[in-house]
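Number of protein chains: 2
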Amino acid sequence: MTEKHRYCVIMCGGIGSRFWPYSRSSRPKQFIDFLGTGRTLLQMSVDRILPLVPKENIIIVTNEQYAPLVREQLPELTDDQILLEPARRNTAPCIAWAMYHIAARDPEASVIVAPSDHIITRENLFIESIGRGFEFVEENDALLTLGIKPTRPETGYGYIQIGRHIDGDFYSVKTFTEKPRRELAEVFVETGEFFWNSGIFLWRVPTIIRELRNNAPDVAGVFDRGIDMIGTPRELEFINENFPGCMSISIDFAVMEKAKNVYVECVEFGWNDLGTWSALYDTSPKNRDANVTQNCNVLAYNSTGNIFAVNGEKLIVVDGLKDYIIADAGDVLLICPKAEEQRIKQMVNDVHMSLGDKYL
Amino acid sequence: MTEKHRYCVIMCGGIGSRFWPYSRSSRPKQFIDFLGTGRTLLQMSVDRILPLVPKENIIIVTNEQYAPLVREQLPELTDDQILLEPARRNTAPCIAWAMYHIAARDPEASVIVAPSDHIITRENLFIESIGRGFEFVEENDALLTLGIKPTRPETGYGYIQIGRHIDGDFYSVKTFTEKPRRELAEVFVETGEFFWNSGIFLWRVPTIIRELRNNAPDVAGVFDRGIDMIGTPRELEFINENFPGCMSISIDFAVMEKAKNVYVECVEFGWNDLGTWSALYDTSPKNRDANVTQNCNVLAYNSTGNIFAVNGEKLIVVDGLKDYIIADAGDVLLICPKAEEQRIKQMVNDVHMSLGDKYL
Chain A
157 MTEKHRYCVI MCGGIGSRFW PYSRSSRPKQ FIDFLGTGRT LLQMSVDRIL
207 PLVPKENIII VTNEQYAPLV REQLPELTDD QILLEPARRN TAPCIAWAMY
257 HIAARDPEAS VIVAPSDHII TRENLFIESI GRGFEFVEEN DALLTLGIKP
307 TRPETGYGYI QIGRHIDGDF YSVKTFTEKP RRELAEVFVE TGEFFWNSGI
357 FLWRVPTIIR ELRNNAPDVA GVFDRGIDMI GTPRELEFIN ENFPGCMSIS
407 IDFAVMEKAK NVYVECVEFG WNDLGTWSAL YDTSPKNRDA NVTQNCNVLA
457 YNSTGNIFAV NGEKLIVVDG LKDYIIADAG DVLLICPKAE EQRIKQMVND
507 VHMSLGDKYL
Chain L
157 MTEKHRYCVI MCGGIGSRFW PYSRSSRPKQ FIDFLGTGRT LLQMSVDRIL
207 PLVPKENIII VTNEQYAPLV REQLPELTDD QILLEPARRN TAPCIAWAMY
257 HIAARDPEAS VIVAPSDHII TRENLFIESI GRGFEFVEEN DALLTLGIKP
307 TRPETGYGYI QIGRHIDGDF YSVKTFTEKP RRELAEVFVE TGEFFWNSGI
357 FLWRVPTIIR ELRNNAPDVA GVFDRGIDMI GTPRELEFIN ENFPGCMSIS
407 IDFAVMEKAK NVYVECVEFG WNDLGTWSAL YDTSPKNRDA NVTQNCNVLA
457 YNSTGNIFAV NGEKLIVVDG LKDYIIADAG DVLLICPKAE EQRIKQMVND
507 VHMSLGDKYL
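Respectively, the protein sequence lines represent chains A and L.
If you read the first sequence in the numbering used here, its first letter stands for residue 157, the second for the next number, and so on.
If you read the second sequence in the numbering used here, its first letter stands for residue 157, the second for the next number, and so on.
Source of the hints: derived by calculation from the structure; they are not laboratory data.
Fair warning: there could be bad hints in the mix.
Where chains are identical, the list cannot tell them apart; a pair therefore holds if satisfied intra-copy or between any two copies.
To be verified - Below are the DSS-like pairs computed for lysine-lysine, each with C-alpha atoms no more than 27 Å apart in a straight line:
#, residue 1, residue 2
1, Lys478, Lys494
2, Lys211, Lys514
3, Lys514, Lys442
4, Lys416, Lys470
5, Lys211, Lys160
6, Lys305, Lys478
7, Lys470, Lys501
8, Lys416, Lys478
Make a model of the complete structure from these sequences and hints.
Quick look at the structure:
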């Protein structure tokens, strides 16, 4: 199959609340220049797929609230490459819409579906892996998920246990496991059979639509009812009326954990899902004091193991702080021990309750 | 003597570096609404003297850099009530200029000289004390300094030891003592003979000019040479040419510790010189968590004993911080244990060395 049948769907509707207030609902982390390189996570997600997929075959799915940010950050895309969800319904409805949308344009398309808020440091390995992944799904009746070779017993990720070896880095999937306890995660890493579930998928459009119909008929049914309108000028009207009625469910629950033709490609390309401050700290370059800084100038005294993240230029002078998150977003400052970062979600709730939407 | 011969000189040229970055050289603490009451420390200094001194007899001495701030905050004063120093030369030259300036207008004036960056909470007691102080210096050949009854063994203040009892709260001065060690400060407070040196003075203009000539002839000499120009349209020209040549010396060293006619009025009117963050913390109202907040909204978890100070509206969410200073000034954030606040001066120097003037 030639490159012109290859598509990329980038999901970027998340609100990134775990990085609040550095990531705000008005500008979630995918729209932030997280690494200070001049490119946001979304822009980097597009950049790295361009060697594999024609620019006009890239589809962004996002919440309608973020349309201006997407257009600003990806001016090279046309409006019909940006699908605007009128409501948040998790990944299954999001992916289903994108697949029906592509099917109306190219029924034989093969697609990579990827989140917009991950970091991938080894782009050459990424391109090689994704190239082989495209070939695999184009030659096999397969839903392919990418499994990342684990480098630590992370308890914040889902794991994929590999089954039968198919070829090269490709295996059948034995089990999906949600976030494990620490002891279990350590065993997972030791056995060499478990890989992190990256949330990156490849498949052919006819394959995923068939499996949506088989495994998630409630979701597929919504789009089947609109199949005559999808790909026409009436698509948006149909979506605005019917998308909010979809059940909210992840593609993992809806399809991947149920379908029989699920495979995993085991890869290593410097992947980080930026899921937690601690993960960001662990994988970021550190200065002499073992502090990590994002977009800020830090003068540190007796302070180590901290992560400083600022929206906008700022000098931070700090004394006697160890292993803290310091995140400044102009009108909000968060100071929290790294070990307590699971409390941030509750803090955001408390802020919401006592002060309304203003600081979210 | 009637009220129309009573004057007030408010010194407000300091740069307030101990409260950096909440207080910046571009807007030192006297120009900040430190208590969140809607009035800056300078404005409060003027407000509290108005029952005693006619508005047109109030003289502000400041660095020429702060002229716009003074005019903005005290629009009721005319330009000839604002003396603009072309250089910083400590309090003796500052006070000497103001005294010669007033003498040219009213040779029989009596004057209160006060800093602009103190807090006084019991204004009625202040007015009573200052009223008695004016009467004392108008009836006696006296340089009067105000001694504050100490409430703790503060090591950051100078102390005045009282001598012979004169009348009411008035005593002669036995000794001036600079910042004592802790053990000594404890003894000072126990004896009941020692009072904090407030830096607030009262005297008649002829008395202080005579004592400047006797005890600080280098300083007085500068103004004596310009005596024909002071009070005329040529005053500013004379000052701009000659003031920078004055030696830099405090009024305490230059006059108060040498003159024979120095007296102290022992007072209690809720005085706080706002000299340190810890002093501000100790004397500020605290919320349930024993945190003090200045101009900000704080959501605190497991955090006590902190002082939060912000220029501009901001929400601070903090977890696991005890006894810290958190000061945010837009482009600078300081986080420092209260116990380490004597290091702030060094930090400001380090910032200056590595980043220049921008953040001072």
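Now the hints, each set against the structure:
no.: 1; hint: Lys478 - Lys494; result: both (9 Å within a copy, 16 Å between copies)
no.: 2; hint: Lys211 - Lys514; result: neither (37 Å within a copy, 44 Å between copies)
no.: 3; hint: Lys514 - Lys442; result: between (33 Å within a copy, 26 Å between copies)
no.: 4; hint: Lys416 - Lys470; result: neither (52 Å within a copy, 53 Å between copies)
no.: 5; hint: Lys211 - Lys160; result: within (10 Å within a copy, 83 Å between copies)
no.: 6; hint: Lys305 - Lys478; result: neither (30 Å within a copy, 41 Å between copies)
no.: 7; hint: Lys470 - Lys501; result: both (25 Å within a copy, 19 Å between copies)
no.: 8; hint: Lys416 - Lys478; result: neither (49 Å within a copy, 55 Å between copies)
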